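Which chain is which? The protein sequence lines are A and B, in order. Here my numbering is used: the first residue of the first sequence is 1, the next is one more, and so on. Here my numbering is used: the first residue of the second sequence is 1, the next is one more, and so on.
To be clear, the hints were calculated from the coordinates, so they are not data collected in a lab. In this text, all values refer to a predicted model and were calculated from it rather than measured experimentally. We put the CB at the ideal spot given by N, CA and C, even for glycine. Keep in mind that a hint or two might mislead.
With a cut-off of at most 27 Å between alpha-carbon atoms, the simulated DSSO-like pairs for lysine-lysine come out as follows [what the hints assert, rightly or not]:
id	chain 1	residue 1	chain 2	residue 2
1	A	K16	B	K75
2	B	K126	A	K6
3	A	K287	A	K356
4	A	K298	A	K330
5	A	K287	A	K329
6	A	K306	A	K268
7	B	K126	A	K7
8	A	K122	A	K6
9	A	K268	A	K280
10	A	K6	A	K140
11	A	K63	A	K79
12	A	K84	A	K140
13	A	K6	A	K84
14	B	K126	A	K298
15	A	K16	B	K122
16	A	K122	A	K276
17	B	K126	A	K16
18	A	K158	A	K16
So these bits of chain B aren't anywhere near chain A, every CB distance computed over 12 Å [unchecked claim]:
id	residue
19	T48
20	E51
21	M55
22	T58
23	S106
24	A119
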Amino acid sequence: MAEVLKKTPLYETHVKNGGRIVDFGGWALPVQFTGIKEEHNGCRTHAALWDVSNMGELLVEGKEALDLLQMILVNDVSKIYPGKLIYSPMCYPDGGIVDDLLVMCLAEDKYWLIVNGANIEKDVEWIQPIVRYFNGTVFKDISGNIAQLAIQGPNSVKIMEQLTQYPVNEIRYYHGIEDVDVAGVVCLVTRTGYTGEDGFELYCQADKGPELYEAVVEAGKGHGLVLAGLGCRDTLRFEASMSLYGHELDEDHTPLEAGLGRTVAFDKGTYFIGSKALMKQREKGLKVKLVGIEMVGKGVPRNGYKVFDEAGEKEIGYVTTGTFTPYLKKYLAMAYVPVEHSQRGAGLNIEIRGRKVPARVVRMPFYRREVKKR
Amino acid sequence: MKYPENLKYTKDHEWVRMEGGKAQVGITFYAQDQLGDVVFLELPEVGTEVEAGVMFATVESVKAVSDVYAPVSGKIVEVNEALNDSPELVNEDPYNNGWMCVIELSGPSEFDNLMDSNAYQKLVEKGGE
Chain A
1 MAEVLKKTPL YETHVKNGGR IVDFGGWALP VQFTGIKEEH NGCRTHAALW
51 DVSNMGELLV EGKEALDLLQ MILVNDVSKI YPGKLIYSPM CYPDGGIVDD
101 LLVMCLAEDK YWLIVNGANI EKDVEWIQPI VRYFNGTVFK DISGNIAQLA
151 IQGPNSVKIM EQLTQYPVNE IRYYHGIEDV DVAGVVCLVT RTGYTGEDGF
201 ELYCQADKGP ELYEAVVEAG KGHGLVLAGL GCRDTLRFEA SMSLYGHELD
251 EDHTPLEAGL GRTVAFDKGT YFIGSKALMK QREKGLKVKL VGIEMVGKGV
301 PRNGYKVFDE AGEKEIGYVT TGTFTPYLKK YLAMAYVPVE HSQRGAGLNI
351 EIRGRKVPAR VVRMPFYRRE VKKR
Chain B
1 MKYPENLKYT KDHEWVRMEG GKAQVGITFY AQDQLGDVVF LELPEVGTEV
51 EAGVMFATVE SVKAVSDVYA PVSGKIVEVN EALNDSPELV NEDPYNNGWM
101 CVIELSGPSE FDNLMDSNAY QKLVEKGGE
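Chain A on its own, in the form it takes in the complex (with noise of 0.2 Å):
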C-alpha cells in the first residue's frame, strides 16, 4: 500500500479491538474483527456496530436548494419534509447513475446528501456547476467533520434506549431526529440502515466519534451487540438484496433497469436530470434487468463471473455480487441478464473457472425479515 490511505477518526479505535483493516477505496478500515459469518448472523440475530464515517455529507441550503435537489435527483424530494429522508439515484443525462444517496431534510431549505464515500469527489464534481443555477444556494462537502455509526439488528431499540432518554423507538423508519443527546454526545439519529434489519444511523461532530463508539460497545454488552467490519457490511446488504454502487449500480446501467422504477418519479412535475432518456426507456421496454439468481450446481458465483443461456452456449450476462450469505446459507448472486432470461424459474449458467455451473433465476430480496405484528 504505497499510498497514504484516508482514516476515519475511529482508526485507532477499530486497531485497538483487533479489527483487521484493509484498503477500501482508498480508507483503512477493518474487514473484520472476529469473522464475517459471526459478524453476519450477530446482526440478524442481536446486533451490530460500524463505523461508517467513510461516507460523505453534502450540505445543500438556500431557498432554491429543493429546487435544485428536484433537478439533480430522480425521486421526488418534495416529498420530504424537516426530519424525514428519501432514497434516491442520482443520474447522467442518458440515465445511467452517477451515485445513489440519502436525503435528509434537516429543515425547509437546508438539506443533507448522504452519498458513498468511494464517490464524494465525483458527486461534488457532477454538482457543483449545476448549483449556480439556484440563486443562493449554498453546497458544501462536510464530511470531514462528521463521523457515522451504524447500529443495526434486532436489539438495537434496546441499545439505543440505554443510551439516550430520547424515545428513539418512536422514530420511525426513514425519519431522522437532530440534536438527540446520545451517551453525552450530541447526534442526528436516523432510523435507517443498510442490512435489511431495524435499526439507527448516528451523526455526530468527527471528534466524538470515538468516544460515542465506545458507549454504544458498552451498552451493548448484554444485548449480544459484535463489532462488525466491512466484510459482513456487504453480505448483510447482498442477502437483503440492497444494491451497491460500483456494483449492482453504475453509469452503464439506468435505475429503470436496476429495479429501482419505484424511486423515478417521473410524475413529480419538474424536469429532472435523465428524465428523457429514463421516460424513453421506459416507453420502449427494457432490454436487460437485475435478477436474483440461486446455483443449482455447486460453486461460489463471484463479481464479474459471465453468465451464460440455459443450454450453457451463450454468454448473457455477468454477475455484479456473488457469495455464499452466511444467514440464508445459499449460493447466490445478482446478475444483469437479458428480460427474456429474467423470469423467475429460468434456468441459467455461471462460469466459474472455466466451468458451466447450473444457477436459477429466484426472488428477490432473498433475505426479508420478520416483521413483529403489534
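Since chain A is already given, all that's left is putting chain B on it; use the hints.
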C-alpha cells in the same frame, strides 16, 4: 500450537503429514486465518495425478477464492468428504478434521524439500508471500 512441529510446510501455506509413503495435506492456520470463513471447497477426485507446485484444489471463503497447490507429486488416494457439508472444519481444525486429501507420493524425496515448523513460522511472521 499454530504450526505443529511434526508437520512440513510450503511457501504457499499448505501443510503435509507423512504417513508411510502417503502425505496428508491441508492448509495452515495462517492460510485459513487470512481467508476467513471457508464456505466451499473444490477438491480433486480420487485417482487424479497431481504435480508438486501445481494447483489441485480451490478454497473459497465468504470474501475470496484461493488456489491450493500440491505440496508433493503423486496420486490422490483419499479426499475429505466431510468438507462438502462442513467446510468450516478448515477454519476450526486446520491440521486434523480440516485435512483435504491424501497423496500417494511418486517421489518420496520431495518431502525433504519442504519447510519445517520453524522456517515456516519465520516466513509467516514476515507477512507470508
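Hint by hint, which ones does this structure get wrong, listed from lowest number up?
1, 5, 6, 13, 14, 21 and 22
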